[in-house]
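Using the sequences and the hints given, assemble the complete structure.
To convert, count from 1 in the sequence shown and add 1447; that's my numbering.
Don't take every hint at face value.
Lysine to aspartate or glutamate pairs mimicking DMTMM-like chemistry, simulated, CA-CA at most 25 Å apart [to be verified]:
| hint | residue 1 | residue 2 |
| --- | --- | --- |
| 1 | K1485 | D1624 |
| 2 | K1621 | D1552 |
| 3 | K1570 | D1560 |
| 4 | K1621 | E1528 |
Simulated restraints on C-beta separations [what the hints assert, rightly or not]:
| hint | residue 1 | residue 2 | range |
| --- | --- | --- | --- |
| 5 | R1455 | E1483 | 41 to 47 Å |
| 6 | G1473 | R1493 | 14 to 20 Å |
| 7 | G1473 | D1619 | 27 to 33 Å |
| 8 | V1551 | M1466 | 54 to 60 Å |
Hints in this document: simulated from the structure, not taken from any laboratory.
Even glycine gets a Cβ: it sits at the ideal position worked out from N, Cα and C.
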Amino acid sequence: MNSYKKQRGATLIMGLILMLILTFIGTTSMKNTALEEKMAASLRNRTMAESGAESALRAAEDYLWNYYATSNGLALVADEEATFGVFTFDAPGAAAFRSSREWVDLGTEHHVDFTSNSEGEAKLFKNPRYIIEEISAGGGVVGLAEFGDDGYQGSAGLLRNYRITARSVSGDGKIIDMVESVFSTRTN
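The following block contains the structure:
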């Protein structure tokens, strides 16, 4: 007499079903991980572009600060071509720099090279650039400033306002960031 029952394959079918479930779980986990890596890379590129633009903005503010600190209050001469580094209000080149959705090689390039790094750290696709526009003379208002006991002995002077626009592109060249600030100073 045969004491063995005939096998029906239920264990095999259950094993295959469990393998199929584990395959779906693994595939879903890999897709989520890939998505998280893409999001992290995108955030990194966005941060790099923003940092580059902020750095260029600071360089432009330093340029204006140092100019007025050493020029004895003489005003910068603005023109449509930015001969001395300053555009007139809404000059065509400045408007193109601010409104373009693509990278524009106008303006002043940042003095530090952010595109090459020998240490293998993060680098930008192109160096950040900035433009400076005098907004006092064109469409802006030139005001009379009263500076108290800060070294000017209460002397009044014209208040000059400059709009600084800085742009930077991320390391992969896909994200362009732009920042603006207004810089005001007293001139003679």
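Checked hints:
A distance of roughly 19 Å separates the Cα atoms of K1485 and D1624; the hinted pair therefore holds under the 25 Å criterion. Note on K1621 and D1552: the hinted pairing holds, with a Cα-Cα distance of about 16 Å set against a maximum of 25 Å. Proposed proximity of K1570 and D1560 is supported: the alpha carbons are some 9 Å apart, at most 25 Å. Pair hint K1621 plus E1528 does not hold up; C-alpha atoms about 29 Å apart against a cutoff of 25 Å.
For R1455 paired with E1483, a C-beta distance near 44 Å keeps the hint of 41 to 47 Å intact. The beta-carbon spacing between G1473 and R1493, approximately 31 Å, falls outside the hinted interval of 14 to 20 Å. About 29 Å separates the C-beta atoms of G1473 and D1619, a value consistent with the hinted range of 27 to 33 Å. Our hint of 54 to 60 Å for V1551 and M1466 holds, since their Cβ atoms are close to 56 Å apart.
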